[in-house]
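Student: Line order of the protein sequences matches chains D and V. Residue 1306 is where the first sequence starts when you use the working numbering, and the numbers rise one by one after that. Residue 8 is where the second sequence starts when you use the working numbering, and the numbers rise one by one after that.
Please keep in mind that the hints were generated in silico from the structure rather than gathered at the bench. Among these hints, one or two may not hold up.
Simulated pairs of lysine-lysine, DSS-like, Cα-Cα distance not exceeding 30 Å [what the hints assert, rightly or not]:
{"id": "1", "chain 1": "D", "residue 1": "Lys1375", "chain 2": "D", "residue 2": "Lys1630"}
{"id": "2", "chain 1": "D", "residue 1": "Lys1604", "chain 2": "V", "residue 2": "Lys33"}
{"id": "3", "chain 1": "D", "residue 1": "Lys1600", "chain 2": "D", "residue 2": "Lys1485"}
{"id": "4", "chain 1": "D", "residue 1": "Lys1485", "chain 2": "D", "residue 2": "Lys2066"}
{"id": "5", "chain 1": "V", "residue 1": "Lys33", "chain 2": "D", "residue 2": "Lys1600"}
{"id": "6", "chain 1": "D", "residue 1": "Lys1630", "chain 2": "D", "residue 2": "Lys1485"}
{"id": "7", "chain 1": "D", "residue 1": "Lys1601", "chain 2": "V", "residue 2": "Lys33"}
{"id": "8", "chain 1": "D", "residue 1": "Lys1407", "chain 2": "D", "residue 2": "Lys1490"}
{"id": "9", "chain 1": "D", "residue 1": "Lys1604", "chain 2": "D", "residue 2": "Lys1490"}
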Amino acid sequence: MNEEPTNYGDVAEVAAGNKPSAAVVGTRPVRPDGVDKVTGRARFGADMQLPGSLVGMVFRSPHAHARLLKVDVSAALALPGVKAIVTAADLPEIPDDQAMDKGQPPDFRDMSANILAREKVLYEGHAIAAVAAIDELTARHAMTLIDVDYAVLPHVIDLHQAMEPDAPLLNDHNFTKGIKPVPKKPSNIASRYEQIHGDVVAGFAQADVIIEEEFSTQPVHQGYIEPHACLVNVRPSGRTDIWCSTQGQFMVRAYCARLLQIPLADLRVFPMEIGGGFGGKTTVYLEPLAILLSKKSGKPVRMEMSRADVFKATGPTSGSYIRMKIGARNDGTIVAAEGVLCYQAGAYPGSPVRLGCMTAFAPYNIPNIKLIGYDVLVNRPKSAAYRAPGAPMASFAAESLMDILAQQLDIDPLELRLRNAADNGTQTAYGVTFKNIGYRQTLEAARAHPHYNAPLGPDQGRGVASGFWFNIGGQSSAAVDINQDGSVLVTTGTPDIGGSRASMAMMAADVLGVGYEQIQVRIADTGSIAHSDLTGGSRVTFAVGMAVSQAASAMVEELRRRAALLWRVEVDQVSWMGGVARLMASGGSSSLSLTQIAASSAETGGPIAVEISLNAQGAGPGFATHICDVQLDKETGRVTVVRYTAIQDVGKAIHPSYVEGQMQGGAVQGIGWALNEAYLYDENGRLLNPGFLDYRVPVASDVPMIDTVLIEVPNPRHPFGVKGVGEVPIVPPLGAVANAVSRAAGTRLYDLPMSPTAIHKALKRAARRRS
Amino acid sequence: MTISIHASVNGEPCQFQCGTTDTLLKVLRENLQLTGTKQGCGTGDCGACSVIMNGELVCACLVLAVECGQADIRTVEGLSSAGQLHSLQQAFLDNAALQCGICTPGLLMASKALLDKHPQPDETQIRYWIAGNLCRCTGYDKIVRAIMGCVS
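Isolated chain V, as found in the complex (with noise of 0.2 Å):
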């Protein structure tokens, strides 16, 4: 069965048609060509595909596209704008945050979720926060330095 599902992906509205059993990282992936947003585990644990979906750090490997409408959902394509890297992006690239970058997307996402609800978190919050994103290259040390750099 398809069902048709409206929603807002990176502030655009969005309509999309999907299985019962499709998720949304299958939908951004397959279905709207949102390859920014990964796949490392399929089960929720690694983060890869976190995104932001009404405000809330998700996993989109874990959400149903069915669960979708009227959702506003963010990804990695929608951080910057009008060609301006968003203060995290730039804070990953000036401090070495990324070596294979297949994780990068998650995490600017979770951190961007961290930010929005924690201006100010110090590192064990912050390392608490990333702790549900996997890192298998950095060692995570750059990583928290980059966010540590954006705390207002």
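Extracted from the complex, chain D is given alone in its bound form (with noise of 0.2 Å):
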């Protein structure tokens, strides 16, 4: 070998030395899948039709709490063009000791429970039955002979009211989990978690200054512009065809089998182009459902939800309130912070109240922290993951109180923070300690940024924040195949939800030393490769990438062999360099290319393919630092956005293109939670504003342009130093933007989102103080 040994961990080994130039890794080419998503051709989860499909729909609660007294399907089911109904009484009992597995989570009792309610609805929307007809007026009318009686019961969608002892129960059998002795009394709490580190109350006692305050943020949604959507055939034979839009086919097709107790190997499931998830396409809601009708009829069935449905029944994250304490001393070095976090769990428990208590106070080198959190059920929708689960809410309340502080003790937010900073070595109150993090880097460029030093007009304020988020890595598999004509195909299990046919497709060609446009990039079905776990947890080029890489690695490998058959020498005496096999005893003279090698490979053993799997392992930690200003209109409590930028360690830029395009997109997500974003609900528990009309994100008029800034701090246990980038960016911009308020308004806000009423009643407030 004639290449310098690498220091890139596990991948070296299979490199075996082959370290990956950066050709292409690092450029901005068009993605692979760029011509069929611009010319309409690409398919996506609604896009499948199979003749004689029927329309499959879902009969939803009107009450947000009710007991089911008879659910009657007979006269829809009588209505010609009506073929199949199903209920709860057609899933499958799941046992409470089998809901989980190995204890952890999803529960796949309640997941039962939430696609078809039992004995009792827990929120508006909650699905009772489904139906699949002819077409679609006649699902319509079908419904409306479904005959249900119900007996309303009071229900509860405030927080704090939920955790009063006397609130209605969502389930009489919830004694929460985490307190010992277990409670003896049923409550809303379904779980506490505690987070302790070091000692708080010695901590506080070193402080000067204390400050303490309560924060509240809605539910808000995921708001993928695509709605839920499948198509699935159940042949005679039993094995089914699953085409829906989804994170990962794999998780349909486990959660699938495990709720109807159907065999894996029955379920195929084909992953449709994903029009947007942000986490909320990491569960199944139609699937099964239409699994059940095309069973039933013994025809294909299609399934797509409405808006109204994707706001009421799927999603949202948590609403959250959080009570929060920091202390420092007068030099702003923060010697303790302590706090309660309740979050929503909605019907079901689940919120992602744990991730919060571990990322509030990531960024920063606190040696005793104490966080109490809350997972509390309301009568609202189930929560589903949403970008970085659980950590914006909690960051929020954090980066307040960093920002309080330093206007306190008359530091600058970003010195105050770099005062702070977690380093290498820095041991977090979660438990680990941290390695190749580049949060001071972020804080730094911060400072440096001309943003930063710009001057502010009249009435506006500017607010950064800090974020973290831990990345991940998890189980992951990848093929190469190399064509008869020498073209490279790289298959994957997880969906390019956002440009990761790219970043494979980069990372491969860098690894084999072939241009970009020598390589396909497919994403296969649950039948045509080992399984891999979702795309979520901004694991996928980290991950994926080093299951691409490593599939690429041995494919150097073996055409190496390849190229040694053919010249019956031993494989030692070829080296591989951009894309050729070269003889070393003949100084590198006689050579073979990718495609002389491929056209010979009935020769040399036949096809030339490598699948790899793995499970990725050494994630590095994602850190970002945002700066926002706003401009506010104090007479009518409008704020407008209108300088932003983002500035993230992202370990290695693969596309910096889609790297950017994560940042600003998560920032973007970010504002419309700190300003606009929130359920609202009537005295009855219904969702009022179930529409994008009135549930109102962000749109282009209302935002500038996002700046970014790419720091890159490789990760060493990644080939290409990836760190993982979709969910970090959407923590810091809720403290961010909240910061910039207000600064511009002069009394701080507390709680999101910062509406113009909102805004207007605080600005009142204050006024009244001083007068």
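Each chain sits in its own coordinate frame; assemble them with the hints.
Tutor: See below:
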């Protein structure tokens, strides 16, 4: 080998010294699926049709909380054109002790009850039955014939009310987990989580300044533009094909198999292009219903949610109430932090409150931290993952406290963060010791950025905030095939939600030493590649990228072996560079191109193919610092974001445009969370704004260009240094916007969203206090 | 009741049968198999179904198919010609102006309608013109840049 040994960890062993050059990585080629997506040819969840397909539709509860006394579908079933109806009676019972695998979520018993209600409906929009009919009109008509008797129960939407001892109970058998001894009385508190690091009492005793405040955030929806959709065909043999929009085809297969007690091998899931997910497509809603309907009717069944259904019955992420306290010395050194975080789980347990506790103060080296988290049941849809689940709301509280502290101590907010910044070797409150992190660099880049030093106009305010996300690895598979003409096919099992085909092709190109255009990338169905965990957790470019790199490295070895066979020499006589095998004894003058080796594959053992499956470890934590300038209209309370800069340690940007895109998109989602978005309910627990008109996500005229700065502190555990990018960018915006608004307003805002009404009230309150 | 409608879709004469409650979006997607036009909300709030009808930008989910007699309808499938991408399509690719891509067809048609009417919009005009087209992935930055790059 004429290459230097590498220090790239696990992959280096497989690569056997082939350190990937970065000819393609770091450039900005057009994505492989780009032309299909700009010409309307790409097929998304609702774009598949099969002849004779039925239309599936879900009948949903109009009540927030009710006992189901009777569900009679006979009249609907008798309607001509109705081919099948399913209710919870068609779902296998899942005993309590088999609800979870190895005690880990998801809870399949809850999931089963969520996709079709048993005994009780727990939120408006809760599915009760599903109908398959020959067309949409017939299905709609059938819905009107489903006869349900409800005993309407008192409901609870509000987080604080849900935690009261006399609150209406969603589940009479819910005894708070995480409290010893187990409470004797049921409540809506599903679990209590405690994170203790150091000794907060001793910590606060050292503090010169202590600040304690309360914060709240509202549930917000992931807001993907593509509603959930699927097409399912159960064949007479029982073999079932599913085409759907999902963040994980293997997840859909596993969940459907588990919920319906079907062998995995009978289900084949074809991932369509996915029109956004942001965590919201990491579970199943429609697919199991479509399987049941297709099985009963003997025909393919297509289902598509309406936008109102998406709002009422999927996602959102938790609303929260947070009380938090921070103590510091006069020089700004933070000595302790303490808090209680209450997150709405929705109708079933499982809010990301634990992740909120873990991430809140992760950017800082604080010796004493105590955070208590409560997961609280309310009559709202079961919360689902949303981009950095649990982190933005906790970060909003922590970063607001940092800003208040900076103001009280009269220290520049970036300087305050620099004085407390986590570094390599910092022991986090949740247990991990940081390595190879680039948080401090984001602060320094922020301080040096022209934005931070630009003058502010009248009624403008500038806020900064930082954020953290773990990033994850996980099970990933990748195959590399060489076609007979020397072109390369890379296959993975993880949906491409934001350009990952491009990054996979780029990494493969550099490991193989071939051109980007020579590589095609395919996202395979569950029958065509080994298991892969879903797209989420900012894991794909890291973990699947590792599988692709390893597969490409193994392919290089295979190509050297094939060339050695053609030359009839030992493999160590063959080097590989620039996509070409060279015979070392010839001084490199004898060479075989990839195309030549491919053309002779029949003589050297047949098709040239490699598949790698791994469980990637060593994800690199991600940090970001955002700067936000707002303009405040003090008369109306309206806020306009006038300038925004997102700075992030990305490890290594494989395709910088898509990395910037993640940062820009996350920032704007965070701006929406901070300023506009909220679930609004009436007194009956019915959602008032289940549409994009009244649930207003940011539109193009709401936001400025989002400037980005990419810091690259490589992750040594990845062949190219990748850390994971997608989730961190939604963590800082809530704090950054709130800090900017608070500084512009001259009074602190503690509750999101900071709508014009809320700001107007805060301004009036502040004026009263002053007078 | 089924009604027969004659229209022009992407420059080709076209006849389809539709019910009185069918939308143009349904006809495009189901009758004509032109699934490039997407449904994101069905209520005219997201712009994913933007098409150009008789020179005007419309949401196909808000147009009844029976209104389309003799209409000239342009969808994303007709944007490129003879294998040559429209400059907007190329600009969206070059600027990485799409992530998931579900809003892309609607944004392309909205942008085309903008440039047809106002060949030299500034950034603010662009942002207000496409304010009816939601994109949840990109934060709009690269979309606006792509359109600005096509200003003649």
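Student: Run every hint past the structure and note whether it holds.
Tutor: To see whether the hints hold, each was checked on the structure:
1. D:Lys1375 <-> D:Lys1630: violated, 50 Å
2. D:Lys1604 <-> V:Lys33: holds, 21 Å
3. D:Lys1600 <-> D:Lys1485: violated, 46 Å
4. D:Lys1485 <-> D:Lys2066: violated, 43 Å
5. V:Lys33 <-> D:Lys1600: Given pair lysine 33 of chain V, lysine 1600 of chain D holds - Cα atoms ~27 Å apart, limit 30 Å.
6. D:Lys1630 <-> D:Lys1485: holds, 25 Å
7. D:Lys1601 <-> V:Lys33: Between lysine 1601 of chain D and lysine 33 of chain V the Cα gap is close to 27 Å, so the pair holds against 30 Å.
8. D:Lys1407 <-> D:Lys1490: holds, 27 Å
9. D:Lys1604 <-> D:Lys1490: violated, 48 Å
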